[in-house]
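Here the sequence shown is numbered in the UniProt record's numbering, starting from 1 and rising by one per residue.
Check before you lean on any hint, since a few could be wrong.
Stated by the list, open to error - Restraint-style ranges between C-beta atoms, simulated for each label pair:
(1) F49 <-> K128: 36 to 44 Å
(2) V60 <-> Q83: 22 to 30 Å
(3) G141 <-> Q83: 19 to 27 Å
(4) L99 <-> K22: 15 to 23 Å
(5) T120 <-> P6: 33 to 41 Å
(6) Q115 <-> R47: 39 to 47 Å
(7) A112 <-> K148: 20 to 28 Å
(8) R97 <-> R45: 18 to 26 Å
(9) V20 <-> F144: 21 to 29 Å
(10) D50 <-> K128: 31 to 39 Å
(11) L5 <-> K148: 32 to 40 Å
Unchecked claim - In silico PhoX-like cross-links for lysine-lysine, where the CA-CA straight-line distance does not exceed 25 Å:
(12) K129 <-> K119
(13) K129 <-> K139
(14) K155 <-> K145
(15) K8 <-> K33
(16) K119 <-> K107
(17) K38 <-> K145
(18) K119 <-> K155
(19) K136 <-> K107
(20) K148 <-> K109
(21) K109 <-> K136
(22) K143 <-> K82
(23) K143 <-> K119
(24) K155 <-> K109
(25) K82 <-> K33
(26) K148 <-> K128
(27) K62 <-> K107
(28) K82 <-> K8
(29) K8 <-> K22
(30) K48 <-> K8
(31) K148 <-> K82
(32) K82 <-> K155
(33) K37 <-> K48
Think of the hints as simulated: they come from the structure by calculation, not from any bench.
Idealized CB from N, CA, C, for every residue including glycine.
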Amino acid sequence: WVCELPGKGNLQLTGQIGDVMKESAQTAFSIVKANAKKLKIDPNRFRKFDYHIHVPAGAVPKDGPSAGAAMFTSLVSLLLGKQTRPDVAMTGEITLRGLVLPVGGLKEKILAAKQAGIKTVILPARNKKDLPEVPKEAKKGLKFKFVKNTNEALKIAIDTD
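Construct the complete structure from the given sequences, taking the supplied hints into account.
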């Protein structure tokens, strides 16, 4: 749901997303741009290309900060030309410093991941205390990885070497 097209470094967002989710996408984009060299991304790309993030099911309103880590990872994946692991899902709000913050609705997110055939779920470290509240049946067959920052999430979701 992320693509690169000729342009001048702008970010376009579609998919009937609310203001908080738009801010999450902007934050993800800013982190990527600010850390381009560390991430082994050519900073000049941001002068030559625009980026479009689309959140599917365009007719359904979506909002909240939970997709921040996933948006960041998707942008890095595109820019490095490395696919994310198809068996991994993630959730987490992100800060401009790259911290991954806790989110709500863990049970629903874990159930959705399981139904989608996901094997590993990346969660904010500060959500670890909430995992026992999720029914065992929902967690069965899933691995959980807890991260404090976006770099830790990247190492699990894509091969960044």
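Hint by hint, here is what the structure shows:
{"no.": "1", "hint": "F49 <-> K128: 36 to 44 Å", "in the structure": "37 Å, holds"}
{"no.": "2", "hint": "V60 <-> Q83: 22 to 30 Å", "in the structure": "26 Å, holds"}
{"no.": "3", "hint": "G141 <-> Q83: 19 to 27 Å", "in the structure": "23 Å, holds"}
{"no.": "4", "hint": "L99 <-> K22: 15 to 23 Å", "in the structure": "20 Å, holds"}
{"no.": "5", "hint": "T120 <-> P6: 33 to 41 Å", "in the structure": "35 Å, holds"}
{"no.": "6", "hint": "Q115 <-> R47: 39 to 47 Å", "in the structure": "41 Å, holds"}
{"no.": "7", "hint": "A112 <-> K148: 20 to 28 Å", "in the structure": "23 Å, holds"}
{"no.": "8", "hint": "R97 <-> R45: 18 to 26 Å", "in the structure": "23 Å, holds"}
{"no.": "9", "hint": "V20 <-> F144: 21 to 29 Å", "in the structure": "25 Å, holds"}
{"no.": "10", "hint": "D50 <-> K128: 31 to 39 Å", "in the structure": "38 Å, holds"}
{"no.": "11", "hint": "L5 <-> K148: 32 to 40 Å", "in the structure": "33 Å, holds"}
{"no.": "12", "hint": "K129 <-> K119", "in the structure": "20 Å, holds"}
{"no.": "13", "hint": "K129 <-> K139", "in the structure": "14 Å, holds"}
{"no.": "14", "hint": "K155 <-> K145", "in the structure": "11 Å, holds"}
{"no.": "15", "hint": "K8 <-> K33", "in the structure": "13 Å, holds"}
{"no.": "16", "hint": "K119 <-> K107", "in the structure": "16 Å, holds"}
{"no.": "17", "hint": "K38 <-> K145", "in the structure": "23 Å, holds"}
{"no.": "18", "hint": "K119 <-> K155", "in the structure": "16 Å, holds"}
{"no.": "19", "hint": "K136 <-> K107", "in the structure": "10 Å, holds"}
{"no.": "20", "hint": "K148 <-> K109", "in the structure": "19 Å, holds"}
{"no.": "21", "hint": "K109 <-> K136", "in the structure": "14 Å, holds"}
{"no.": "22", "hint": "K143 <-> K82", "in the structure": "22 Å, holds"}
{"no.": "23", "hint": "K143 <-> K119", "in the structure": "6 Å, holds"}
{"no.": "24", "hint": "K155 <-> K109", "in the structure": "21 Å, holds"}
{"no.": "25", "hint": "K82 <-> K33", "in the structure": "17 Å, holds"}
{"no.": "26", "hint": "K148 <-> K128", "in the structure": "11 Å, holds"}
{"no.": "27", "hint": "K62 <-> K107", "in the structure": "18 Å, holds"}
{"no.": "28", "hint": "K82 <-> K8", "in the structure": "23 Å, holds"}
{"no.": "29", "hint": "K8 <-> K22", "in the structure": "19 Å, holds"}
{"no.": "30", "hint": "K48 <-> K8", "in the structure": "5 Å, holds"}
{"no.": "31", "hint": "K148 <-> K82", "in the structure": "22 Å, holds"}
{"no.": "32", "hint": "K82 <-> K155", "in the structure": "12 Å, holds"}
{"no.": "33", "hint": "K37 <-> K48", "in the structure": "16 Å, holds"}
Every hint, counting from the list given before, is met by this structure.
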